[in-house]
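Participant: So you can see what is in the structure, the chains are spelled out below.
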Amino acid sequence: MNEPEFIKNILSDDVDDKLYLGIDVGSVSTKCAIINERNELLYATWTRNDGSPIVSTQENLKYMEEVLPDNIEKSICGVGTTGSARYLIKALIGADIAKPEIIAHAIGASAYTPDVRTILEIGGQDSKVILMKNGIVTDFNMNSVCAAGTGSFLDHQAVRIKVPIEEFGDYALRAEEEVSIAGRCTVFAESDMISKQQEGYSKESIIKGLCKALVRNYLNNVCKGKKLYPPFVFQGGVAANSGIKNAFEEELGYEVIVHENYYVMGAFGSAILAKEHVNGHISSFHGLKVSEMNLALGSFGCLDCANRCTVKYLVRQEDKSRVTGREKDDAIFARWNSRCGKW
Amino acid sequence: MVNVRVSFSRMGWSYIFFRGLFHDLPGIEVVDPPLVNTEIVSDGVKNSPEFVCFPFKVILGEMINLYRNYDVKDFAMIADYGPCRAGMYGVIQKRIMKNMGFKDVRMFYLRQDDFRNLEWLRVFRDLEKRTGRKFEDYKILRNTLLFMVKAYYVERITHIEGLVRCREKNKAMTTKVVHTLMNLLDNENNLMKLSNFDRTIDENFRKIPIDKEMEPLRVCYTGEIQVMLEKWVNYDLMGELGVMGIEVHKQYDVFDWVMYKLDASKRRRRLEHKARKYIPMDIGGEAVWNMGSYLESQEKGFDGFCHIFPFTCMPEISFMGMLEAEKNMDKFYMPHIHFSLDGSSGFEGLRTRIEAFHDLMVGNKKNNPLFRDVKYVVPDEIKNIYFKPKSNFEYFVSSIEKPMSMVLTMLNPSKKLDVGFTVKNGLEFFSRNSFFGIGSLFNL
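As they're listed, the protein sequences go chains A and B. Start counting the first sequence at 0; every next residue gets the next number (numbering that gives the first Met the number 0). Start counting the second sequence at 0; every next residue gets the next number (numbering that gives the first Met the number 0).
A few of these clues could be false.
Said to hold, decoys possible - Pair ranges (Cβ atoms, derived):
id : chain 1 : residue 1 : chain 2 : residue 2 : range
1  : B       : Ser-317   : A       : Gly-134   : 29 to 39 Å
2  : A       : Glu-177   : B       : Asn-366   : 39 to 49 Å
3  : A       : Lys-132   : B       : Val-30    : 30 to 40 Å
4  : B       : Arg-371   : A       : Glu-254   : 32 to 42 Å
5  : B       : Lys-382   : A       : Leu-227   : 36 to 46 Å
6  : A       : Glu-326   : B       : Val-30    : 40 to 50 Å
7  : A       : Glu-326   : B       : Met-213   : 44 to 54 Å
8  : B       : Lys-206   : A       : Val-27    : 26 to 36 Å
9  : A       : Val-27    : B       : Met-409   : 58 to 68 Å
10 : B       : Val-30    : A       : Cys-145   : 49 to 59 Å
11 : B       : Asp-70    : A       : Asn-219   : 29 to 39 Å
12 : A       : Asp-114   : B       : Tyr-375   : 42 to 52 Å
13 : A       : Asn-219   : B       : Arg-94    : 53 to 63 Å
Claimed, not checked - BS3-like cross-link-like pairs, simulated, lysine-lysine; straight-line CA separation at most 27 Å:
id : chain 1 : residue 1 : chain 2 : residue 2
14 : B       : Lys-365   : A       : Lys-132
15 : B       : Lys-365   : A       : Lys-327
16 : A       : Lys-311   : B       : Lys-168
What the hints contain is simulated information worked out from the structure, not anything from laboratory work. Ideal placement from N, C-alpha and C gives every residue a C-beta, glycine not left out.
So here's chain A without its partners, still in its complex pose:
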C-alpha cells in the first residue's frame, strides 16, 4: 500500500463533532480532507495514484480506517468529490455531491482568504486561473490545448536532471545568473534545457529559468489578457515549489500567498460544498467498507431513448464476465452517466 506523502492529522481520539469528507482525485494524485462544522481542516493526505483512481481511493479509505478513531465512519455526515474522476468516485463511495475542481478550489481558497481576487492553481496536468469578487467566482480559465508547465512536466524534468522534485524550489532560489528557456512547449523546453546544460550553465540557473518560463507561459496562455487583481493565492501541487512562487511574485509585482494546506485545497473545498449540500440531511455515503471490495469498471450504450448515452457501471471483479450492466443484479455496485437518470 502507498503511504501518503503528506499527512496532516490533528483529529482528537474521541470524535463527537459532525465531520465532512472531501476527496479530490486528480490525474496524478488523490487528496483527502476531513473538516468539522467550523470549516477547520482536521485531517489531510496526499497520495500519488499511479493512474488508478479506484484502487487509490480504496487505499486511502483503508488508511483512514487504520489511523483515525473507530467511530469515524459514523461521524462522517457528508462526502464530496472533485477532480477529473469525480463521477467515478462519487459512484464508488456514494458521495453526496460531485463538483468540478474549479469551484472546489475557489471555495477552498476563499475559506482561508475571504477577500481573495485571483487564484492561481497549477496541478498535475492542468492549470487554471480563477477570478473572484466578493466571494463569487466571476471568471475562470483552464489550459485548453496544452499541458506545458504543469506538475507532470516539472516531475519529468526533475527526474531527468536528477534533482529531487522537493528541492526544485531551493535550487531555483540559489541561482545566480538568469537563463532564458523556451516555455511554450514541453518538448522544446526540454531541448532548450539540454542545450543550455551543454553550454555550461549551472543546474540552479537552468531550474530558475525553467520556473520563469513556466510562469510566463501560464500568464500568456491561461490568463490570456485577463486583468488580475491582488490578493493572489497560489495552490495546487506545484505551489510546493518556491521557485515558481518567486517567479510569480516577480512577474506580477505583488505578494503571492501560499497556504500551509495548499496541496489539499480542492478536497477541502469539496468537503465544504458537501457540508452545504447535505445541510442536516442524511448522507448517502456507503461507509469505509468500500475499501474491501474488488471492483471493475464497465460500460454499455443505452438505446432506450434518443439521447444514446454511454452508461458506465461498477461491478464486482468476479462477476464482470457474467454481467452486461443492464440487468438488476446484486453484483452491480453503481451505474451513472445517463442523462435521464434512469440507471
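Using the hints provided, position chain B relative to the given structure of chain A.
Facilitator: Frame of chain A; chain B shown alone:
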C-alpha cells in the same frame, strides 16, 4: 444525358434543406450525407493542411467518405469572396481530392457572396451542362422556395428545442420530438402544406410536458456556424446545457445567414449596429455578430455567454481577445466561456468547464445584484406553445408576415438599424430605382 449523384456536407440538420434545393430535378439523384463520425473526421484530418480550421477538415472527410463508399463524384459547396477563408474551401478541397487520386471529382459552387445578384443560379446551369438536360424554370423557383422555407423551419425547430429542453419533465422527450419534426419536414415537399408547418411544430412541442413555473438560467449560444450546427463536432453542447437546466438561446443558423446575404436580416443588421463601436466591419467567422449578441444578451439580462469556435479560426480568436480586453473596463460584465474545438479535444474537459460555468452562473444569480434583480421574461415561443396557443388567424398572419417583412427589409435602403418600412424610406427607394426617372422628381 447522364444521371448524376450529388451530395454535400451534412452540417447538422442542414442537409434537409440542401436536399430541397436539388429536389426532383431530371437526371439528379441526391445522396444523403451520412452522420459525421470518427472515421470521417480522421480521414479529413489526415488529408488537410495542418492549421486549416476544423470545418474544412470535417467537410473534406465527408466528401472523401461519400466518394469512397457512396459513389458520389459531384459535390455542391459554397464559394464566397468574404473576409473568411471558408469561401475558398471548395476549390482547395477539390484540388486535394484530385491529388489523392479521385480524378473525376466535380464541384458545383454555390456563389454566396451576394445572393441578390443571382450568381448562385449558376449552380443549376452547371448541373444542366453536366446532366445534359434542361431544368424547367418553375422547378428552379420551387426548389429555391423549398430551400428557404425548409431552412426557416429547421432554424425555428432548433431554436425552440434550445428553449424547451431545460423545462421538459420527461428526459429526452425534446430530442425525440425534434427528430419526429425533422422527419416530417424532410418528407414534405408540398409548398402549400409547408406554409402551415408552424402549426405542426407548435402542436408537436405541446406534447412535451413541461415545468411551467420554471425560471431557468439563460445562456446566449453563439459561435462559428459550422461547429455550432454539427453535433459530432460540438459534442451536442446545446443538449448538454439544456439537460443541466439552462435555457439556450441559439443565435445563428443557415437561414439567418442566407437572409443576411440577401440583405434581409433585420437581426444581423441590429447586431452589427450594436457591435460597430468595437468591430466596425465583418472580419470573417461570426465575429461581428458575436459581439453584437454579447451586448444584446447582456442588455436583456442573460446569465452567460457560450461561444464555440474551431481551433485556429482567427476571426473568432480575435473576437475572444477583444471581449477579454473590454471586460477589463467593467463595461462587459456578463460571464463568458469559450470552447475551441477540434478533433482531438475531449468531452471530459468540456464537461468540467460547463459545470463550473453553471456553478458560476448560479452563484451570480444568488449573490450578484447585476443578475439577481433581473426579471425573467418567458420567451415568446414558449408563450405561444404552452400558455397562449395561437388562433388560426394568427397562424395565417404569421405565415404572411415573415416573407413580407423579409422583402421589406431587403428593399429598405437605410442600413442603419432595424427600422421598419416607412413611407420616407419607400419613396427614397423609389426615387433611386425607378426606371423612368420619375422618382427623381421627388428628389429626396
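Participant: So which of those numbered hints doesn't the model satisfy?
Facilitator: 3, 7, 8, 10, 11, 12, 13 and 15
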